[in-house]
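A.B. asks: For the record, the sequence lines run as chains A and B.
Residue numbering for the first sequence follows the working numbering, starting at 1 and increasing by one per position.
Residue numbering for the second sequence follows the working numbering, starting at 1 and increasing by one per position.
Misleading hints may appear alongside valid ones.
Unchecked claim - Calculated pairs, DSS-like style, for lysine-lysine (alpha carbon to alpha carbon, straight line, at most 30 Å):
| # | chain 1 | residue 1 | chain 2 | residue 2 |
| --- | --- | --- | --- | --- |
| 1 | A | K5 | B | K181 |
| 2 | A | K388 | A | K335 |
| 3 | B | K321 | A | K441 |
| 4 | B | K323 | A | K441 |
| 5 | A | K5 | A | K15 |
| 6 | B | K321 | A | K388 |
| 7 | B | K181 | A | K432 |
| 8 | B | K321 | A | K255 |
| 9 | A | K233 | A | K5 |
| 10 | B | K166 | A | K363 |
| 11 | A | K127 | A | K231 |
| 12 | A | K296 | A | K363 |
| 13 | A | K91 | A | K113 |
| 14 | A | K293 | A | K279 |
| 15 | B | K321 | A | K15 |
| 16 | B | K20 | A | K5 |
| 17 | A | K432 | A | K335 |
| 18 | A | K255 | A | K335 |
| 19 | A | K2 | B | K166 |
| 20 | A | K80 | A | K335 |
| 21 | A | K48 | A | K77 |
| 22 | A | K255 | A | K432 |
| 23 | A | K231 | B | K20 |
| 24 | B | K166 | A | K5 |
| 25 | B | K323 | A | K255 |
| 26 | A | K5 | B | K216 |
| 27 | A | K233 | B | K215 |
| 28 | A | K363 | A | K315 |
| 29 | A | K15 | A | K441 |
| 30 | A | K2 | B | K118 |
| 31 | A | K255 | A | K5 |
| 32 | A | K199 | A | K293 |
| 33 | A | K432 | B | K323 |
| 34 | A | K356 | B | K323 |
| 35 | A | K363 | B | K181 |
| 36 | B | K215 | A | K231 |
| 37 | B | K323 | A | K231 |
| 38 | B | K20 | A | K233 |
Quick caveat, the hints were computed from the structure, so don't treat them as lab data.
Next come the chains, spelled out residue by residue.
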Amino acid sequence: MKTFKAGGVHPPENKFSADAAIEILPIPKRAYVLTSQHLGIPATILVKRGDDVKTGQLIAKSSGFISANIHSPVTGKVFKIEDVIDQSGYKRPAIIIDTTEDIWEDGIEPSDKIEREITLSREEIIKRINELGVVGLGGATFPTHIKMMIPEGKNAELLIINGVECEPYLTSDHRLMLEKGEQILIGTAILMKALGVSKAMIGIENNKPDAIAHLSILSEGFKGISVHALKVKYPQGGEKQLIKALTGREVPSGKLPIETGCVVNNVGTAFAVYEAVQKRKPLIERVVTVTGKAAKKPSNFMVRIGTPISELIEKAGGIHENLGKVISGGPMMGKALTSPEVPVLKGTSGILLMLKEESAREKISNCIRCAKCISVCPMGLEPYLLEKLTFIENYEQAESQRILDCMECGSCHYTCPAGRPLLDYIRLGKSKVSFLVRNRKKQ
Amino acid sequence: MDLLTVSGSPHVYDRTSVSKIMWGVVIALIPAMLVSFWYFGLGAVVITLAAVIFCVLLEYLIQTQILKEQTTISDGSAVITGILLAFNVPSNLPIWQLFIGCLVAIGVAKMSYGGLGKNPFNPALIGRVFLLISFPVDMTLWPLPIANRLVLTDAITGPTSLGVLKEGLLNQETVPELMSKLPDYTQMFLGNIGGSLGEVSALALIIGGFFMLYKKIITWPIPVSYLLSVFAFAGILHLINPDLYIDPLFHLLAGGLMLGAIFMATDMTTSPMTINGMLVFGFGCGILTVLIRVFGAYPEGVSFAILIMNATVPLINRGFKPKRFGEVVKNG
């Protein structure tokens, strides 16, 4: 079975919510829509206090090359525009909307009827993806329309759809593949048309045999789309690792995946593309898994963007008396939240609730140079060395030891027997090195 | 609701720990320890026990009394140093000499560098070499196996097989003539020969080695490249002149090679960190071992070979990097 070669770990999968069908979460009474939900420049706000907005109406527009439109997830009145605490713990501008009812913007087709016919041209598809605010739903939230625009001199030949979901616990992509399989495949076909490629590969880890079987059968009705089972190994959902696993090609250090002729999109993105292109529906809702040992009822919800995370936890059985940590995302790369009151963003794939006893880090002891961090690093780096170089503030060395290649998958800290916070140091080193690199470019 | 814990990712951790690794090594040493108790009896028990107690106690005292820091003796690393040092001395070594060995191993070779993980040289080997140079007579009186089970002092001693070989060759005897004076290979494999406590039984050491491989405490490159390079180098010499150079199998089974290749050269702290680096390290150990054994003044060269290669580890780490992802551009 295919997988990437170097490094990787296999944490306990704990996919508690794999059998929980997607439930539609009630629309929140008050929605908090942040203007920064994507990689790049925050969107510019178009509404003001007291304005009436409809579901799907454009409320903040893309304000730069790498940016994305944001639409109202609910119908109601703008209560105010204010900075709220986001998932990183910082305050960021948000549009706060008090919900009244649920009336959709004109032109959006709300029915569940599946539209197979792709009528739009390549340019129209990219334009619509851009207009309707579709971003990568795998976690990085890179605006999807930019991925569709192949740089001069490069050539796309293969579309890869990422259904790996290698993070433990999370099941939102898994459920989406089972319940919206046909739509994902149509979305894939749309992306193929937009890229002008004739081949697409869907990669799924083989701990989801039902999803592999379901999409394999459905893919027979689509030309050029094939489904591939992958050996379970974290971080296979990383773009570079997935390309390596499926094609054997390696993205050169510091370069973009297009160098290998591949464009990678998440299954969630493929679904959002289907909805945008075939139904004119902007990206205003997504599937979010609520799970973990402190989740009373592990669930998958279809959630409007801007819903406070506390409402999801409430719906999943409420707060556990022994709750110690709330994480947005999976246990390997997710962000620990300072409060469950922060809203769901376009990139929120799951909420992981951890018990107190599993929330603390391990005790730190001396590095014994066991080299386990080197053997698990999927990028072929030496985490112990990068930690030390950052600690002694030798950033020139850190740069030449390729600290910027680190994708922050966390395999090194996960595996370290001495419990050393390797990734904490590497993150710090990366930001210092990026700063040096930027300054050098200015000169 | 209480305050939430906030920390950087990752939020889950593997269940390994330094102490689990160290106690795993201790378990892997048990077969060889039992063999040493069987062949050398009471002397082996006393030496092993004393070395472990000395090492743990010294580490505890240095940490609490001199360095004024929290003690880490429960991680098991001092226990390993104790056992390995005991494995490297004859079973009738005077206890006070053993104590000095432990003091050098723990005090000088380990704690003076900052403790576990910071020592450039293998502490047990430093202790052994210090003893060998300071007390060359006591360190080379090898009690015969089985015969001395119940004696603590005045044991009947004899030379090791490597000693017999070196002595004989110096007296102009040829290898075929010497073969009758050497133990047969089965006895050497099982450990029914004179020598340091823990080095005698290749079989018991190999069992421990496989346990550590299975538990992922060690990896294959160092032991394999070490043993193969000894076999190959000694084999070439043997092919050139079988009268002067004994066959390579003897070199594999004799002396401390198995102990060194499986337990000493593989010490995580003092060995390289990448597979290619480990192969070079093992190869260097192998060549140096044979060079010292065949052309040097000492009959045995494992300790010196490993210590010399320990010194090259920072260089090896600098020269042999892991294969970086995306470095070699392959398309198709």
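A.B. asks: Hint by hint, which ones does the structure fall short of?
C.D. replies: 1, 7, 10, 11, 13, 14, 15, 19, 24, 28, 29, 30, 32, 34 and 35
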